[in-house]
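Just need the whole structure built from these sequences, with the hints factored in.
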Amino acid sequence: MKNTFLMTTLLISVPFGFAQAEPNTVNNLLTVYAAQGANTADAQRGKALWQKTFMAKGEFTSRSCASCHTQDLTQPGKHVKTNKQIKPMAPSVNPQRLTSVKKINKWFKRNCKWTLGRECTAQEKSNILAYIENESKF
Amino acid sequence: MKSTLAISAIVFTVGILTLPVVWSDNDFRWGKMEEQRHKSSDVATVTNPLYKDECGSCHMAYPPGLLPAKSWRKLMSGLEDHFGDNAELDVQTAESISQYLLTNSAEQSDYRRSRKFSQSIKSSDIPLRISDIHYFKHEHDEIPQSMVSDNPQVKSFSQCNACHEKAEQGVFNEHDVRIPGFGKWDD
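Protein chains in written order, with this note's numbering: chain A, 358 to 495; chain B, 89 to 275.
Hint data in this document are derived by calculation from the structure and do not stem from the laboratory.
Every residue, glycine too, gets a C-beta built ideally from N, C-alpha and C.
Take the hints with a grain of salt, since some may be wrong.
Over the 10 angstroms line for every Cβ pair with chain B, so calculated as not near, a few chain A residues [claimed, not checked]:
1. N381
2. T427
3. A447
Here are the simulated DSSO-like cross-link-like pairs (lysine-lysine), alpha carbons at most 30 angstroms apart as the crow flies [stated by the list, open to error]:
4. B/K254 x A/K444
5. A/K463 x B/K158
6. A/K463 x A/K409
7. B/K140 x A/K470
8. A/K441 x B/K140
9. A/K470 x B/K158
10. B/K225 x A/K441
11. A/K463 x B/K162
12. B/K225 x A/K438
13. A/K444 x B/K140
14. A/K438 x B/K162
15. B/K162 x B/K243
16. B/K140 x B/K158
17. A/K460 x A/K444
18. A/K470 x B/K162
19. A/K435 x B/K243
20. B/K204 x A/K441
21. B/K162 x A/K441
22. A/K414 x A/K459
23. A/K438 x A/K459
24. B/K140 x A/K466
25. A/K459 x B/K162
26. B/K225 x B/K140
27. A/K463 x B/K243
28. A/K470 x A/K459
29. A/K438 x A/K460
30. A/K466 x A/K494
31. B/K243 x A/K438
32. B/K162 x B/K204
33. A/K441 x A/K409
Structure, rendered in structure tokens:
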């Protein structure tokens, strides 16, 4: 009986264990983007895109990544609409960042659509990832 | 024979004792306990970690008991344009969250505020904002614009927790209201 309990606990906790530790998340994604034609990740261009302003219709007419995340990735951001604090993007100060492929895909999809008005290209995503990962060098 | 008699006696006694409970509308057994619970919290708190994580990353994870099921259904079917923001979810996550919201919606809850919310909605209405509901408006009708929309620290009625200090615990009592830049709310 006790064994069954232990086994169940173990079996339940295994997927969570995997969900937390996802080694080489960024490299795996860069490989995917490379297969789509984005062979080199350019962090400098990633930074430029991060700070670029896009015009949109609606409540917030000029939008950029920095609107919510600020231009300093080591600082917390603030959702322009809801005021909710957003934890820093830089893995150097927030090790949780860039550790889940699922999360990265989700936020790229949503936030590119809101900010740029379209999904980002493989090259743009590749550049942005490189920028966030190595923010301290740029 | 003796034991059959004893069992019958027990069954009879229990039956007689539960009769008032079965007959009474007020649910006499739980009345006291419910009252206690509602004193400390007037909407059920958010318990689902997936909902908290997915929806709570952009705004306060609103207690599901603040909107009826029909509203949650409509909200969840339009996440691509979620009040002007894109809040798309993958199908599996969306389904799981919907299920949580629908089973804990206002009309499913016996908490005081949830009942008030669901009772104040016309059957033909499907409100998308909690702040559009009649009961909400009634409860906030004395609050001047300067304290909310013109207050940079609050901005809108959507930020419950900007003023309701215990909003995350499901407490919306007016004694626990502190308006940033104005202080304690005194009716």
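To see whether the hints hold, each was checked on the structure:
| no. | hint | verdict |
| --- | --- | --- |
| 1 | N381 | holds (22 angstroms) |
| 2 | T427 | holds (16 angstroms) |
| 3 | A447 | holds (17 angstroms) |
| 4 | B/K254 x A/K444 | holds (22 angstroms) |
| 5 | A/K463 x B/K158 | holds (26 angstroms) |
| 6 | A/K463 x A/K409 | holds (21 angstroms) |
| 7 | B/K140 x A/K470 | holds (23 angstroms) |
| 8 | A/K441 x B/K140 | holds (14 angstroms) |
| 9 | A/K470 x B/K158 | holds (27 angstroms) |
| 10 | B/K225 x A/K441 | holds (23 angstroms) |
| 11 | A/K463 x B/K162 | holds (21 angstroms) |
| 12 | B/K225 x A/K438 | holds (21 angstroms) |
| 13 | A/K444 x B/K140 | holds (16 angstroms) |
| 14 | A/K438 x B/K162 | holds (21 angstroms) |
| 15 | B/K162 x B/K243 | holds (25 angstroms) |
| 16 | B/K140 x B/K158 | holds (20 angstroms) |
| 17 | A/K460 x A/K444 | holds (14 angstroms) |
| 18 | A/K470 x B/K162 | holds (21 angstroms) |
| 19 | A/K435 x B/K243 | holds (13 angstroms) |
| 20 | B/K204 x A/K441 | holds (28 angstroms) |
| 21 | B/K162 x A/K441 | holds (24 angstroms) |
| 22 | A/K414 x A/K459 | holds (29 angstroms) |
| 23 | A/K438 x A/K459 | holds (24 angstroms) |
| 24 | B/K140 x A/K466 | holds (20 angstroms) |
| 25 | A/K459 x B/K162 | holds (25 angstroms) |
| 26 | B/K225 x B/K140 | holds (26 angstroms) |
| 27 | A/K463 x B/K243 | holds (27 angstroms) |
| 28 | A/K470 x A/K459 | holds (17 angstroms) |
| 29 | A/K438 x A/K460 | holds (21 angstroms) |
| 30 | A/K466 x A/K494 | holds (26 angstroms) |
| 31 | B/K243 x A/K438 | holds (9 angstroms) |
| 32 | B/K162 x B/K204 | holds (21 angstroms) |
| 33 | A/K441 x A/K409 | holds (23 angstroms) |
The structure is consistent with each of the numbered hints, conforming to all of them.
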